[in-house]
Amino acid sequence: MPSNWGYVLAAYGIAAGALLTYWRHLARRTRALAARRAAKPRAA
Amino acid sequence: MSACAKEPGRRAVSSYAKRAWIILWKDFLIERRAKEHANALLFFCLLLLFLFQFALGPDRERLAAAVPGLLWLGVILAGLLGLGRSFLGERENDCWEGLRLTPGDKSAIYLGKLAGNCVLMAAVQIILVVLFGVFFGVDLWAPAAPLALVLGLGTIGLAAVGTLFAAMTTQLRARELLFPVLLLPVQVPVLLATVSATQALLLGQPLADVAHWLKLLAGADLVYVTIGVLTFEFVLEG
Amino acid sequence: MTRALGWLTVLGLAAGLAAGFGYAPREAVQGNVQRIMYLHVPAVLTAYLAFLLVLLGSIAYLATRRAGWDRLAGAAGEIGVLFTGLTIVSGSIWGKPTWGTWWTWDARLTSTAVLFMVYVGYLLLRSLIEDPEARARYAAVVGILGAVNIPIVHFSVKWWRALHQPSTILGPERSPIDPAIGLALFVNWVAFTLLFAYFLARRMEIARLEEQT
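Protein chains in written order, with our numbering: chain A, 1 to 44; chain B, 1 to 238; chain C, 1 to 213.
Bound-form chain A, shown alone:
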């Protein structure tokens, strides 16, 4: 049975990539919302 490490790395790599991308997406949205709130002088 060949080692097939390529497949293992592909699976984990794609997973890591997707999760990291989502985490950065969340961080970016949070920052944008915080900036918008700071820019508005009146409270919601």
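Heads up, some of the hints might be wrong.
Restraint ranges, calculated between C-beta atoms of paired labels, are given here [claimed, not checked]:
1. C:E211 / A:L20: 26 to 32 Å
2. A:R24 / C:G100: 31 to 37 Å
3. A:W5 / B:R60: 46 to 52 Å
To be clear, the hints were calculated from the coordinates, so they are not data collected in a lab. Computed from a prediction, not measured in an experiment: that's the story for all the values here. Using N, Cα and C, we set each Cβ at its ideal position, and we do this for glycine too.
We have chain A; now place chains B and C onto it with these hints.
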């Protein structure tokens, strides 16, 4: 002069059933006078026949083998068109408020609409079964009774969710996209069950062999109708 | 608070990787490819947790009309779709060397694919309604139906598969017997649950902030 039904204000338990019946009868009357749905549907079934024939090629055996799937595919395609329009009449004629202001349990409206849709889908199926039998040379008469049971249970499942989602999407701008996108994934079990059971029946197997599929369909139908009855009032608001 | 959860998650994931690659033994039949299971199974379990929360949030919203429940449902739905996608991709990659093809209509993959489609539809519905009250209401109805449908899908697909393929000898559905494999699986499952909780907290916070601006 609007086409809304005038709901009676009685408080008897039988008024629930009466309200459901009024919705069903109103839709039937509108349909009988306009005849637009019936003609278009018949023609659509005929078109489907040609579509399937051309897509699958002239090989008779291949077509005959595909009949169980094609039959329910035809029902789904017709359902996407027909069910999505369930509440179009109410919306276009400003009757939506009338529905919302109906006294008592709104789920009676759901059941009335559901019954109407089941009749519509049953008509589609009968047409398709006859057309398939004639044009594809498949003997659908021998297993007619068990086949009717399978198709009937599948119809309730399709119409139960379709009626609920139709009420929901009627209000939205993206209704033509959302209705199929929401309906089709939920219908996968019904599709698998009806096609598998139909295939077994067409191969001559007895009804007992497909009992598990029938139970799945019956169970699914119960779940879908129950959720429809419980959540319809939330869909109707606003 | 969320920050602490984030660091705990990093710790958990590190532990999971160590367990999956260092501690767990090389599987006898499949070889090292089997290690994808430590990603695939926790992902699907987390997805199920997510959709359970969608169900709870949906019912609670219709019962109480508190926006917080809708925020829970929406956030859980989004993250659930992410993990379902990961389940499918990892399952497919796992299947290529073991079964020889990228996709087979086996029961688990098919059910997961249907699950994916149901909840992508859920997210599409949410994205296409602007009015927050209507969005919450409609999403709740779809969320409830989608979740309740899961066992129905499971059985229908399972029986459908039984018609076409009696049983697979090799396959990701085989339950692990080796306790070391079981432990590595458990550690990874805990790590994924922490990750889910972290994402959920952050996503719900975003939803809360959006409603205020």
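| task | Take the C-beta atom of R24 of chain A and the C-beta atom of G100 of chain C, compute their distance, and say whether it sits inside 31 to 37 Å. | result | Holds - the Cβ-Cβ distance for R24 of chain A and G100 of chain C, about 36 Å, lies within 31 to 37 Å.
query: Given a hinted range of 26 to 32 Å, is it respected by the beta-carbon distance of E211 of chain C and L20 of chain A?
result: 27 Å, holds
Distance restraint hint 46 to 52 Å, applied to the beta-carbon atoms of W5 of chain A and R60 of chain B:
51 Å, holds
The structure agrees with every numbered hint stated previously.
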